[in-house]
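S.K.: Chains as they are written, first to last, in this note's numbering: chain A, 1 to 458; chain P, 1 to 458.
Derived from the structure by calculation, the hints contain no laboratory data. Keep in mind that this is a model prediction, so the values were computed, not measured. Treat the hints loosely; a few may be bogus.
Identical copies carry no separate label here, and so any pair may be met within one copy or between two of them.
What the hints assert, rightly or not - Here are the simulated DSSO-like cross-link-like pairs (lysine-lysine), alpha carbons at most 27 angstroms apart as the crow flies:
hint	residue 1	residue 2
1	LYS290	LYS451
2	LYS451	LYS364
3	LYS451	LYS50
4	LYS290	LYS364
5	LYS364	LYS50
In case you want the letters, here they are:
Protein chains: 2
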Amino acid sequence: MAKSKTPITTPAPLIDLGEVIALGVPRAVELWLRAEPNHRRRAEQLSDLKSDQARRVADLLTGPNARELLAGVDPVTAARFLLRLAPVTAARLLGLLAPEEAARALRETPQPERGQLVDQLQPAQAEAVRPLLAWPPESVGAWLTTAHVSVRPQTTVAQAARQVADHARLSDRSPGYVYVTEATGELCGLLSMRDLVVAPGDSPVERAMNPAPVVVTAAEDQERAARLLADHHFRELPVLDAGRLVGVISADDVAAILEQESTEDAERQGGSTPLEVPYLQASPWLLWRKRVVWIAVLFVAEMYTGTVMRAYEDELATVVALSFFIPLLIGTGGNTGTQIASTLVRAMATGQIRLRDLPRILGKELATACLIAGTMAALALARAYSLGVGHQVALTVALAIAAIVIWSALLASLLPLVIRRLGLDPAVVSSPLISTLVDGTGLIIYFTAAKLFISALA
Amino acid sequence: MAKSKTPITTPAPLIDLGEVIALGVPRAVELWLRAEPNHRRRAEQLSDLKSDQARRVADLLTGPNARELLAGVDPVTAARFLLRLAPVTAARLLGLLAPEEAARALRETPQPERGQLVDQLQPAQAEAVRPLLAWPPESVGAWLTTAHVSVRPQTTVAQAARQVADHARLSDRSPGYVYVTEATGELCGLLSMRDLVVAPGDSPVERAMNPAPVVVTAAEDQERAARLLADHHFRELPVLDAGRLVGVISADDVAAILEQESTEDAERQGGSTPLEVPYLQASPWLLWRKRVVWIAVLFVAEMYTGTVMRAYEDELATVVALSFFIPLLIGTGGNTGTQIASTLVRAMATGQIRLRDLPRILGKELATACLIAGTMAALALARAYSLGVGHQVALTVALAIAAIVIWSALLASLLPLVIRRLGLDPAVVSSPLISTLVDGTGLIIYFTAAKLFISALA
C-alpha cells in the first residue's frame with residue numbers, strides 16, 4: 001500500500017484562521033478544523049481574531065463545522081467570540097449547537113446580552129436552553145446532557161436494545177445506560193449495556209434493571225458528581241430534579257470538572273480568589289479585584305505583628321541581635337505550616353481524608369513536626385553561633401524555632417478540618433494565611449523564650 | 001410495578017468486610033462489592049484489615065470478584081494488600097487480573113518482593129507483565145492497555161466491524177477505534193466507530209482510515225498523553241514503541257492521571273516533595289523525608305536575612321521602630337508573589353500559558369502589581385501613623401512596601417517560566433520559595449529606603 005514509512009505524528013497545521021478568512025468559503029473552515037484538532041489551540045486562534053475577522057469567520061460557520069468549533073472550545077472563548085458578532089449571527093450559531101452546548105456558552109455571557117441572545121433563538125431552542133441556564137454555575141445542572149435513552153418499565157429488553165441502536169445512529173455519543181422511568185419522569189432504575197445483552201429479550205426491563213442506582217440532583221455541587229463518577233468508575237450518572245429524571249452527567253466531563261476544581265483550589269491556596277476565566281483573558285483590573293481582598297485582609301491581620309514588636313521594644317533595643325533572627329524564625333514557621341496545610345487540603349479535596357481521621361492526622365503531623373523541629377533547632381544553633389551572638393541568644397533561637405515549628409504544625413493540621421467543619425472550602429487555608437497566623441504568634445513565642453533565657457532581659 | 005416511592009439514593013452498605021470474613025464464602029464478597037460500589041471506600045476497608053483478616057479475605061477471592069476488587073482500588077492499596085499474603089496467594093490473585101492491572105499493583109510493590117511475585121506468576125502472565133513493568137512510573141507505558149482491535153490494511157470494513165463486535169463480547173470495555181497495522185506491528189492508521197458505519201462494507205480499511213492519527217510513545221510523560229486526550233476529546237490514543245503499536249491509553253484514565261499530577265503540583269507548591277502514597281498511608285518518617293529537604297534548603301537560603309539585618313544593625317539600634325514593620329513588609333511581599341506564582345504555575349500546568357506569552361504576562365502582572373502597590377502603600381501609611389512612628393518612618397514604610405510588591409511581582413512572574421525553560425517543573429516555585437527570595441531582598445529595599453528618607457540615618 002502507498003504509505004510513507006516516516007513516523008506518524010501530530011500533523012503540523014496546514015492552514016490558519018487568517019487563510020480561512022482569505023479563502024472565504026465554509027470548506028476552508030473544515031480544512032482548518034482537520035489541520036488543527038486541538039481544541040485549546042483552536043480557542044487561542046479564535047481569541048486572537050479582531051472583531052471584523054471574527055464576523056467573517058462566523059459567516060463561514062454554516063453547519064456541523066460551527067458545532068465542531070464552538071462546542072469544542074472552552075465556553076469562555078465561545079462566549080467572547082459570540083459577543084463580537086451581530087446578535088442575529090450569534091443566535092444563528094447558537095441554534096446549530098445542542099441545547100446544553102448553547103447553554104454552556106451562554107452561561108459565560110454577561111447580562112443583558114445573555115437574555116437578548118436567548119430571546120433571538122428559535123422558540124423551541126429557547127425553551128430547551130432556558131431551564132438549563134437556570135442551574136447555578138458549578139452545579140450538576142451546568143453539565144447536564146439531556147440526550148439519553150429512557151424507556152417505560154414494561155418495555156421488553158429487546159425493544160430497549162433497539163432504542164439504543166437508534167439513539168447511537170442519531171447521536172454522536174453512545175448511551176451509557178438505559179434509564180427506566182414512569183410516564184411522570186420518575187426514575188425506576190437503569191440497565192447497563194451488558195444487562196441488555198445478558199437478559200432474555202422478551203422480559204420487561206423492570207426485571208433486569210438495577211432498581212437502586214446511584215443518582216445525583218441537578219442542584220448539587222458538580223464536584224460531588226465528578227467524584228462519584230470517578231470513584232465508582234461509572235460511565236454516566238442519572239440527574240434528578242424534584243424526583244424526575246432530567247438528563248445525565250457523563251464521565252466525559254469528569255476531567256474538565258476536576259481540573260476546574262483543582263485550578264480554583266490552587267488559586268485559593270495561593271491566597272487569591274479564583275479567577276474563573278482563562279488567565280490570558282483576565283485584565284489587570286480583574287486580577288487586582290481577585291487578589292486585593294486577601295492581600296488587604298492578611299495585611300490587616302499581619303499588622304498585629306507590629307503591635308507585638310512594639311510591646312517588646314525594650315528587649316529589641318537591649319539585644320539588637322534578637323531582631324536578626326526574626327525573618328528566619330517566622331519564615332520557617334510559615335513554611336512548616338504551609339507544607340502541612342497544602343498536603344491536607346489536597347488530601348481533603350481528593351476525598352482521601354475526612355473529619356473522622358482527625359486523631360490519626362494529628363498524631364502523624366505532631367510526630368513529623370517533632371522530627372522537623374529537632375532538625376531545625378540544630379540548624380538554628382549552628383546559624384546563631386556563625387553570627388556570633390553568644391550562647392544565650394543561640395539557645396533562645398534554637399528553642400524558639402522548635403516551639404514555632406510544632407505550634408505551626410498544630411495550627412496547620414487543625415485549620416483545614418475546622419474550616420471544612422464550618423462549611424467553608426478548606427482551600428482558603430492558604431500559604432499566606434498560615435504565614436500570617438504564625439508570624440504574630442511566633443514572635444510572642446520568640447520573645448517569651450528570650451525573656452526566659454537571656455539574662456540581660458530578666 | 002412493585003417499586004417503592006422513596007427517593008433513590010446511594011444504598012447504605014448492608015455488609016462490611018468483617019461480616020464477609022465471618023460468613024467465609026465467596027458469595028459474601030460479592031454481596032459486599034454490590035453493597036459498597038465506591039472503590040475508595042472499598043480501599044479504606046481493605047487497608048484497615050489486620051494481616052490474618054487480609055489472608056482470610058484473600059481466600060474468598062476466587063474469580064471475577066478478585067478483579068472487581070483489586071483492579072478497582074488504587075494500586076498502592078492493592079499492593080499493600082498483596083504484600084500481607086503468602087506469595088503464592090498473591091500470585092494467584094494477580095493471575096486473575098489483566099496484565100496491565102497486575103502491573104499497576106506490582107509497580108507499587110517494592111523490590112525484591114516485586115520480582116519474587118512476578119516469578120511466581122504463570123509463565124504466560126509473567127511474560128505479559130514484565131515488559132509493562134519496564135515502563136517508568138508516570139510514563140504513558142504505565143497506563144498502557146494492551147487489549148485493542150487491530151486489523152491489516154487489506155481487511156474489509158465489514159470484517160473489521162465483526163472483529164469489533166467479537167471484541168466487545170469478550171472484553172469489559174468497548175473499543176475506541178480500530179487500529180490498522182502492518183504485520184510488523186507498524187501503525188498505518190485508525191478508524192473510528194463512525195467510519196466503520198459510514199464506509200462501504202466491502203472496501204478495505206486502508207481507504208476509510210485516518211492515515212495520520214495523533215499518537216504517543218510509551219516512554220513519554222503520562223501528563224502529555226492525558227492533555228492530548230482531554231484537549232482533542234479523543235476516546236483513546238495509540239501508544240507506539242519503536243514505531244510499533246503496543247497498546248492504547250484510554251480517556252477513562254485521564255481523570256486519574258490529571259488528579260495525580262494536580263496532587264503532586266499542590267504538594268510542590270506547598271514546598272514539599274510529592275508524597276506519592278495516599279496521605280493516610282504515609283508514616284511520620286516518610287513525611288519528614290519528603291518535607292525536610294525543602295525546609296532545610298529554604299532555612300539556609302533564609303539565613304541570608306540574618307546577614308542583611310546584621311549589616312543594618314546600627315540603623316536598627318538608632319531607629320528601633322524600623323523593626324516593627326519587618327514582618328508586615330516581608331509578609332506582604334511574599335503574599336503578593338505567592339498569589340502570582342500559584343496562578344501562573346497552574347495556568348502552565350493546564351497548558352493555558354507558554355513561554356511565548358511572557359511579554360503579555362509581564363505586562364499584565366506589572367500593571368496589576370502597580371494597583372496592588374498603591375493599595376498597600378495607602379494601608380501601610382495608615383498603619384504607620386496608628387503606631388505613632390513619625391512622618392519619616394511612615395513614608396519609608398509606604399514607599400518600601402510599594403517597591404517590595406512590584407519587585408516580588410516581577411520575580412514571581414518570571415520565575416515559573418524561567419524554571420520551565422530550564423527543563424524543571426515550575427511547581428517548585430512554591431509559596432515558601434517565593435517568600436524566602438522576597439524576604440532578604442525586601443529587607444535590602446526597606447533599609448535602603450530608610451537611609452534615604454530618615455534624617456537620623458543619613
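S.K.: Taking the hints in turn, state whether each one holds.
M.R.: Status of the hints after comparison with the structure:
1. LYS290 to LYS451: neither (42 angstroms within a copy, 35 angstroms between copies)
2. LYS451 to LYS364: neither (32 angstroms within a copy, 48 angstroms between copies)
3. LYS451 to LYS50: For LYS451 and LYS50, the Cα distance exceeds 27 angstroms both inside one copy (67 angstroms) and across copies (51 angstroms).
4. LYS290 to LYS364: between (35 angstroms within a copy, 14 angstroms between copies)
5. LYS364 to LYS50: between (56 angstroms within a copy, 20 angstroms between copies)
Hint violations for this structure: numbers 1, 2, 3, all remaining hints satisfied.
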